[in-house]
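S.K.: If you're matching them up, the sequences are chains Y and Z in order. Heads up, the first sequence is in UniProt numbering, so the first residue is 1 and it goes up one at a time. Heads up, the second sequence is in UniProt numbering, so the first residue is 1 and it goes up one at a time.
Keep in mind the hints are simulated off the structure, nothing from the lab. Possibly wrong hints are sitting among the right ones.
Because identical chains share one entry, a pair is satisfied inside a single copy or across any pair of copies.
To be verified - Dumping the calculated DSSO-like pairs for lysine-lysine here, alpha-carbon to alpha-carbon at most 30 Å: (1) Lys135 with Lys240; (2) Lys296 with Lys349; (3) Lys388 with Lys299; (4) Lys299 with Lys411; (5) Lys295 with Lys411; (6) Lys411 with Lys296; (7) Lys200 with Lys318.
There are 2 protein chains.
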Amino acid sequence: MAMLFNIFSLKNLLVLSLALNLSLVLRVLYEKDFEVNNGRSVDTQKDALTTTDRVLSEARATQRARPSMPSSSSTVDSDGGDTIINLDHGDPTMYERFWQQAGDKSTIVIPGWQSMSYFSDAGSLCWFLEPEFAKEIIRLHKTVGNAVTEDRYIVVGTGSTQLYQAVLYALSPQDAVEPLSVVSAAPYYSSYPLITDCLKSGLYKWAGDARSFNKEGPFIELVTSPNNPDGYVRQSVVNKSGGILVHDLAYYWPQYTPIASAANHDIMLFTVSKSTGHAGMRIGWALVKDEEVAKKMVKFVELNTIGVSKDSQLRAAKVLQVVIHSCQYPTSLGSLFDFSAHLMEERWKLLRAAVRQSGLFTLPEFSPGSCSFLNRSFAPQPAFAWLKCQEPMEDCEGFLRSNNIITRSGKHFGVSPQYVRISMLDRDENFYIFVERLSTIHQRQSVQVDETYGGIE
Amino acid sequence: MAMLFNIFSLKNLLVLSLALNLSLVLRVLYEKDFEVNNGRSVDTQKDALTTTDRVLSEARATQRARPSMPSSSSTVDSDGGDTIINLDHGDPTMYERFWQQAGDKSTIVIPGWQSMSYFSDAGSLCWFLEPEFAKEIIRLHKTVGNAVTEDRYIVVGTGSTQLYQAVLYALSPQDAVEPLSVVSAAPYYSSYPLITDCLKSGLYKWAGDARSFNKEGPFIELVTSPNNPDGYVRQSVVNKSGGILVHDLAYYWPQYTPIASAANHDIMLFTVSKSTGHAGMRIGWALVKDEEVAKKMVKFVELNTIGVSKDSQLRAAKVLQVVIHSCQYPTSLGSLFDFSAHLMEERWKLLRAAVRQSGLFTLPEFSPGSCSFLNRSFAPQPAFAWLKCQEPMEDCEGFLRSNNIITRSGKHFGVSPQYVRISMLDRDENFYIFVERLSTIHQRQSVQVDETYGGIE
């Protein structure tokens, strides 16, 4: 590790420096009342801006084009302008820029009289699935090559969160003596245990880390690949029979990880939130091999919400159409995947540079792999950074919070609070302030540990 | 009853006759391959059409304006053109005509880059509620005068179905020894027991008819008013302490029942499905007095679906705007409530006439009440007909099914299968075929009972 640091540090520091400049200029441009109080003025940095001019110009255009948006994930402190950067949720606002630049092609128009019925296709197994959306899902998977759609039923859900519950309902026997165990290898998605146990269901029950699971009888194993929070490609880890596998493939898209082959599992979950960035739509889909499982999932969605918003399905269909078109006929902007893969690559470089600069953290290391869609080899660049605070810090979330960076503690993912999960999908301005602050946290930390933040040791 | 029949029968039969004509002409006009094989030709009936010309002309316009819609609730038999009329669900497609005629005012345009975030208003208690939608909800209730919105929190849900579950979650203590009992007076909405018990929750449990409930300890009583399925205005029936009331006011709108005063309860549930007819949006809202209850409901929606479709909320806001405008500045079409109240009145007249003609059924009788919104007195004209088959028929659902009318049996509502629930909100053409068939069912029945349908006795 020390050698790696020596080799890459100069290059990384240069990249980091550029990010700092960008961040500063963004502050001056977009937060007029923001006081540059860390001693570096815009003027003294302007010569270094050459390579970031393009990004900056895009960011400017973005800001101009953007109407007033609700403050989603960050607010400015009232006590002096220090911005709180909230990277707790994986809010994919990074994608707004692509869609702004894509223009009117993805605009949806819905007349008042349209889609009033509960039914989308009364005769079909999933009677609330808009046929147009189903068609685009299949086209998208064929275009990207990340999942097999042949001989699968498509079940649409109000986000993949609802589909996760639909799967649990569908797989649990109604007459079992005790609840079915649900496991996933730690670190696992923090919402799995909360959702599974929130109603104290008699059908299923969260049973924790799949690696230490040794109970007799049937069980469900959730395989999230690439994994949320750590980004690694995963396979089943429970080495015993009786398990039913559920593959959460929300992040199996070429901007996050090389597409090695088309996933071909019995139950696969996807969502627009992490593929196109439209989290506000609340649209997910499941590809399900077994008809009975699909039918029961449909039954759950019927009981839970009597189907799924038609408006969002129609909009999702339109958005997928544009994504597919951007792959087939790329413009200067590139496809959605070109755009976001590039951005993720850039962000991961900046983050790794900041982490090295600070000397207080570590990040997962990934091996490159060949991507059949992007036709090149690259290392995973996940939607979340799974950051580990170095010893002696034990509460990484608390430490970052004291630096006005809101993250999610490792304890919610079934592991040590030395880890935090950090969203890599926020808007440019927030991300750049974040990496800037992370890179300088070392200097601040020495003051803070002594004066205000005793809890980190 | 016999006297009533004598007084009204002539008038009712005239109305019924007009409906039959309308139904026939509709068939000829819109189902070109439909064979008029019951001996009554269009020509011989045309003189009787004068009073239905307006409705017919509107229906024609509607059909012309309507693009191809998926077959939602009815399909044509392959064995000779006998239409299966499915009135099992309360699919509110009756409202399509209003929205077609209302034109472009209710059209929503959503650019691809809009509403991508999970958050609508990060600082607000219900962080996934679109402020624009919240504003229109308050304006609508103020306009109609059907609910108090002051000192209430608004929680948006994926239909009121999701909000019902959110309420159960919010009201159930997490550490209780046994599940909280949930009751409602029979006949109660058939989905309540199914939704309540589908996951075998340890937090709450369906405990049946509120009238026979006598268990000690706390409980939830659902008060649906006007009631689904029977349309009566309701109040709490459990005469003991410890109950928490939840008011499902999905049908407390002036097209269904006179608005006596603004409802002023602790927890009130509403939905666009039954107010504006937009069931496909999956949007409902709760007005909640207690902050802690509202917060827990928000938590449930977060766990269940991470918020509610932004697209549908934006569209709902637009639709409510148009509804409010239609009340404030009514055109020749009248307000949404004028339109739908008139349609419901017409439909209930036709239904009562058909029921009297057949002599096989009874319907609930309602007393007129004064409506503060429509400024007139009228009897409830519910969204469902709660039909009772006369003795000796025991299985009303089965009997109607044998006549190609699909309804929902009383047994799902906690009462006898002599009852069925029938949607009154389907499209004109289906409704008219339905009343026509119901009115002539007596003649058919005598043949069927002997020949094919032994089960009804």
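S.K.: When the hints from earlier in the document are held up against this structure, which numbers fail?
M.R.: Violated hints: 1, 2, 7; rest satisfied.
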